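Produce the complete structure using the sequences and hints provided.
These are the residues of each chain, in order.
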Amino acid sequence: MGGHNDSSASEKKLSEAANVVPTLNAENLQSNMKVIYYSRTFMSIIGGVIAGILGFTGLTGFIFYFLVMAVTSVGLIAKAGFTVHSYFDSWNQIILDGFLGGLLSFVLFWTFAYDIVHIF
Amino acid sequence: MALNLGFVVGILGVVILSHAAYSTVQYRGLLKIMEEEFSGPPLNVVVELLLGLVLCMWAALTVPGTFLSIHPHSEENRIVSLPANLDFMIFNHRARVFPVEMDLNLKH
Numbered sequence: 036m037g038g039h040n041d042s043s044a045s046e047k048k049l050s051e052a053a054n055v056v057p058t059l060n061a062e063n064l065q066s067n068m069k070v071i072y073y074s075r076t077f078m079s080i081i082g083g084v085i086a087g088i089l090g091f092t093g094l095t096g097f098i099f100y101f102l103v104m105a106v107t108s109v110g111l112i113a114k115a116g117f118t119v120h121s122y123f124d125s126w127n128q129i130i131l132d133g134f135l136g137g138l139l140s141f142v143l144f145w146t147f148a149y150d151i152v153h154i155f
Numbered sequence: 004m005a006l007n008l009g010f011v012v013g014i015l016g017v018v019i020l021s022h023a024a025y026s027t028v029q030y031r032g033l034l035k036i037m038e039e040e041f042s043g044p045p046l047n048v049v050v051e052l053l054l055g056l057v058l059c060m061w062a063a064l065t066v067p068g069t070f071l072s073i074h075p076h077s078e079e080n081r082i083v084s085l086p087a088n089l090d091f092m093i094f095n096h097r098a099r100v101f102p103v104e105m106d107l108n109l110k111h
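Chains A and B, in that order, are what the protein sequence lines are. Per this note's numbering, residue 36 is the first one in the first sequence, and the count goes up by one each step. Per this note's numbering, residue 4 is the first one in the second sequence, and the count goes up by one each step.
It should be emphasised that the hints constitute simulated quantities derived from the structure, not laboratory data. All values derive from a computational prediction rather than experimental measurement. There's no promise every hint is true.
To be verified - Under 10 Å between C-beta atoms, here's a sample of chain A residues computed to sit facing chain B:
| no. | residue |
| --- | --- |
| 1 | Asn60 |
| 2 | Leu89 |
| 3 | Gly90 |
| 4 | Lys114 |
| 5 | Asp124 |
| 6 | Gly136 |
| 7 | Leu138 |
| 8 | Val142 |
| 9 | Leu143 |
| 10 | His153 |
Unchecked claim - Here's a subset of chain B near chain A, in silico, CB distances under 10 Å, partners left out:
| no. | residue |
| --- | --- |
| 11 | Val17 |
| 12 | Thr27 |
| 13 | Thr65 |
| 14 | Ala98 |
| 15 | Phe101 |
The beta-carbon is built from N, C-alpha and C at its ideal position, and this holds for glycine as well.
Shown next as structure tokens:
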């Protein structure tokens, strides 16, 4: 409907004043970003638990986190059907978004699982 | 249905992971009895962890929902359904009993 597209276009203008041409559906973009965020958070928690059970310490655990996030990125790209630009603005959104927040969750659950399995 | 199935798979993955954690705890207890050092988890625990990782990955990719196209003119974003209150739309009204005076207005 015309009104719907107009409202999303005005949202887009508000959020990014530089982009003049309204070529995106901002509502769906927000929804896609939320899906990415949920996936990354869940995968960093699961990765933290696995790193803790495996008994990783130090740099190995962070390398494991990078591996898990890379696999998750590939999975998300595959979920998008390898046509990233019909669902996202740029590649950074699917590859880098939620990386640091996920790292915090990862460290939390990594130490948690390590303590439970290996120390207590 | 897809969401439900993914959710069940995620729960299964978490259960497998917790079982792997429990196995590792037992293995460490065994090592303590045998007075050996811990060098790494046993192979079945590693297999279990990989299985749990794959299941949880699948759940993480399916449960949060599907991607929606951001192109305004794509197939998914077109609205083809009619409004639900079609029965209440009235195209007849009183003005049709009045004579059309369009010609008079045009003459003056």
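>> Hint by hint, where does the structure go against what was stated? Just the numbers, ascending.
In response: 6, 7, 8, 9, 14 and 15
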